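Can you join these two chains into the complex? Each is in its own frame, and there are hints to help.
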Amino acid sequence: MHATAEIATVSGLSLSQRLIAGVLALFLGLVLIGGVGFASDMAIHNGAHDTRHALGFPCH
Amino acid sequence: MKLFQRIFFAAVLSGLAAGLAMSALQQWKVAPLILVAEAYEAAAPAHEHADAAARADGHVHGPEAWAPQDGLERTSFTVLANLLTSIGFALLLAAMSVLSGIGITARNGALWGLGGFIAFQLAPAVGLPPELPGMAAAELGARQLWWWGTALSTGAGLLAVAKFRNSAATGLAVLLILAPHIIGAPQLAAEHASAVPALLASGFAAATLATSAVFWLLSGPLLGWFSDRFARHEAHSSRASPAVTG
Chain E
1 MHATAEIATV
11 SGLSLSQRLI
21 AGVLALFLGL
31 VLIGGVGFAS
41 DMAIHNGAHD
51 TRHALGFPCH
Chain H
61 MKLFQRIFFA
71 AVLSGLAAGL
81 AMSALQQWKV
91 APLILVAEAY
101 EAAAPAHEHA
111 DAAARADGHV
121 HGPEAWAPQD
131 GLERTSFTVL
141 ANLLTSIGFA
151 LLLAAMSVLS
161 GIGITARNGA
171 LWGLGGFIAF
181 QLAPAVGLPP
191 ELPGMAAAEL
201 GARQLWWWGT
211 ALSTGAGLLA
221 VAKFRNSAAT
231 GLAVLLILAP
241 HIIGAPQLAA
251 EHASAVPALL
261 ASGFAAATLA
271 TSAVFWLLSG
281 PLLGWFSDRF
291 ARHEAHSSRA
301 SPAVTG
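Chain order of the listed sequences is E and H. With our numbering, the residue at position 55 of the first sequence is 55, and numbering never jumps. With our numbering, the residue at position 207 of the second sequence is 267, and numbering never jumps.
Simulated from the structure, these hints should not be mistaken for laboratory data. Please read these numbers as outputs of a predicted model, since none were measured by experiment. Be aware that a few hints might be false.
Stated by the list, open to error - Just the calculated beta-carbon pair ranges, DEER-fashion:
1. E/Gly-34 / H/Arg-292: 28 to 36 Å
2. E/Asp-41 / H/Lys-62: 32 to 40 Å
3. E/Phe-27 / H/Leu-259: 35 to 43 Å
4. H/Asp-130 / E/Ile-20: 24 to 32 Å
What the hints assert, rightly or not - Straight-line distance between alpha carbons at most 20 Å, and here's what the computed SDA-like set of lysine to any residue pairs gives:
5. H/Lys-62 / H/Lys-223
6. H/Lys-62 / E/Arg-18
7. H/Lys-89 / H/Ala-99
8. H/Lys-62 / E/Gln-17
9. H/Lys-62 / H/Leu-236
10. H/Lys-62 / E/Ile-20
11. H/Lys-62 / E/Leu-15
12. H/Lys-62 / E/Ala-43
13. H/Lys-223 / E/Ser-14
14. H/Lys-223 / H/Leu-236
15. H/Lys-223 / E/Arg-18
16. H/Lys-62 / H/Ala-249
Don't be surprised by glycine CBs; every beta carbon is placed ideally from N, CA and C.
If we strip away everything but chain H, and leave its shape as in the complex, we get (with noise of 0.2 Å):
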């Protein structure tokens, strides 16, 4: 349970300290852009049947739903859903490096932030632009079999690559990686409007493919710093009591 306490610990401090960075860059950036779009959202006539198909699963705003206040209530949410899905990042990432056995260090932990980059935000994003809410998109199942789908293809793609660097692994990577694309994401049927303009979805793509950048490579570097903190710590206790074995 060693290695367990140790990579826990890691992931949760880099976790901690890199969601709470992107926080703050989305506080500044992202946040904003969503309350614009909420405006056109709640603004839109057409919003029954337009996005009626959108909508058919029943994902909607229901009145009877929690929901936290506007302002500082509902920043504290936004804020703890961050620091736990960084968290979660943080722990995939480890998972990765200690099963393919490939470490993660200060050092090579921006090349694995970019990976998880890569695999998590803009591979998705290729097929699944980020969503502002008010803007019509195919049926919420089907995206997020195939936002999980992708991620992973990608990942493995990357890991394969990292793992054992040479043509077969790479040709086998570019299948991984191109795959979910050449299946392609699903789409609405016909033009369906949107009530958000063009230039602020745009932004709002931008934005938060620019803030998850940062995070995850500030989360990589911090959980490799971690990861070497910690083994250093555990070398130097075992070296000084060599019958005790982690």
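So that you can see chain E by itself, here it is in the shape it has in the complex (with noise of 0.2 Å):
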């Protein structure tokens, strides 16, 4: 049950499928978390000021 679940999730499906839906998830989430907590610009900087402080991403 347990292994059918893990093999249906990743391991039946082709490389190159699991390159390019890996990559874009992972542009994606970077986009997110660098949009988020790192951007420079002030107004998502204040914006996200109290996500920042308690995520723990360096902020000012």
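Here it is as structure tokens:
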């Protein structure tokens, strides 16, 4: 049961399918975290200020 | 594209749920400490010259820049930023799962979450303790670079152990996890007076690590649960129409 779910999740797929989906998800994730946590724009900084401090991102 | 849709929706749903839970804990235990620290920051007379080195990059709360009003507006923007970050972290977990070929399930999700917590919260916090407003720190760009380097290096080390489970991978992982701390996080050259009391700062560090630990330990299993569900759903529909391949 556990093993079949795992196979269905990733290993039954071709390498290129996994590469495309994985790189796309990686890119989106980095854009979100970079934008909210690291962008130097002052308006973004002020809006996301408490999130940056609460998640331990370097802020000031 | 089927696979991407599946992991995208699993990441969005698990990120939203775990991010909402984290936001509630954060408003309860973390946000009040930030407000207290801001009162100290505003009252500090030595603000300009003590922090001059840290703020040489011009990264100051200028009066001209937009900022949310304290109260509901500020809380709403914080929750929004939390949710976007949570979805981002869930997407990174999902990406690592797909690229490494190590499935994420409801059962092993807590281990994935623990890995995320160690890579993105605990290891960076060892060199750069979570900061309150008003605490002096080294130059921002250098700290951001060290933060990313530490998260990536620690994450790569943990993935290497999970993937290969042999002594060579374990040795490499020890090196990758220790390297950022041997290099050392950027520090101020001299002791700078902080406007924030030490007890407030240490309480803040503990509260942020605790809330983010809850976030990661929810996020991992939820991502696994949604991934399981979507994969099983797809397996059912492809069995019903075997001519269609994913």
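Here is what the structure says about each hint:
Between E/Gly-34 and H/Arg-292 the beta carbon distance is about 33 Å. The supplied range of 28 to 36 Å therefore holds. One distance hint, 32 to 40 Å for the beta-carbon pair E/Asp-41 and H/Lys-62, holds here, with the actual separation near 36 Å. Separated by about 42 Å at the C-beta atoms, E/Phe-27 and H/Leu-259 satisfy the suggested range of 35 to 43 Å. Take H/Asp-130 and E/Ile-20: their Cβ atoms lie about 44 Å apart, and the range 24 to 32 Å is violated.
For the suggested pair H/Lys-62 and H/Lys-223, the alpha carbons sit about 25 Å apart, so the restraint of at most 20 Å is broken. Taken as a hint, the H/Lys-62 and E/Arg-18 pair is honoured in the structure, with Cα atoms around 10 Å apart against an allowance of 20 Å. As the CA atoms of H/Lys-89 and H/Ala-99 are separated by approximately 17 Å, the hinted pair is consistent with the 20 Å bound. At roughly 9 Å between alpha-carbon atoms, H/Lys-62 and E/Gln-17 fall within 20 Å of each other, so this suggested pair holds.
With a C-alpha separation of about 34 Å, the suggested pair H/Lys-62 and H/Leu-236 falls outside the 20 Å cut-off, and the hint is violated. At most 20 Å may separate the alpha-carbon atoms for a hinted pair to count; H/Lys-62 and E/Ile-20 meet this at roughly 11 Å. A distance of roughly 14 Å separates the Cα atoms of H/Lys-62 and E/Leu-15; the hinted pair therefore holds under the 20 Å criterion. The suggested pairing of H/Lys-62 with E/Ala-43 is violated, with an alpha-carbon distance near 36 Å, which exceeds 20 Å.
Of the supplied pair hints, the one linking H/Lys-223 and E/Ser-14 holds, its CA atoms being roughly 18 Å apart against a limit of 20 Å. The hinted pair formed by H/Lys-223 and H/Leu-236 meets the criterion: a straight-line CA distance of about 15 Å does not exceed 20 Å. With a CA separation close to 16 Å, the supplied pair H/Lys-223 and E/Arg-18 stays within the 20 Å bound. A C-alpha spacing of about 52 Å is found between H/Lys-62 and H/Ala-249, which places the hinted pair above 20 Å, so the restraint is violated.
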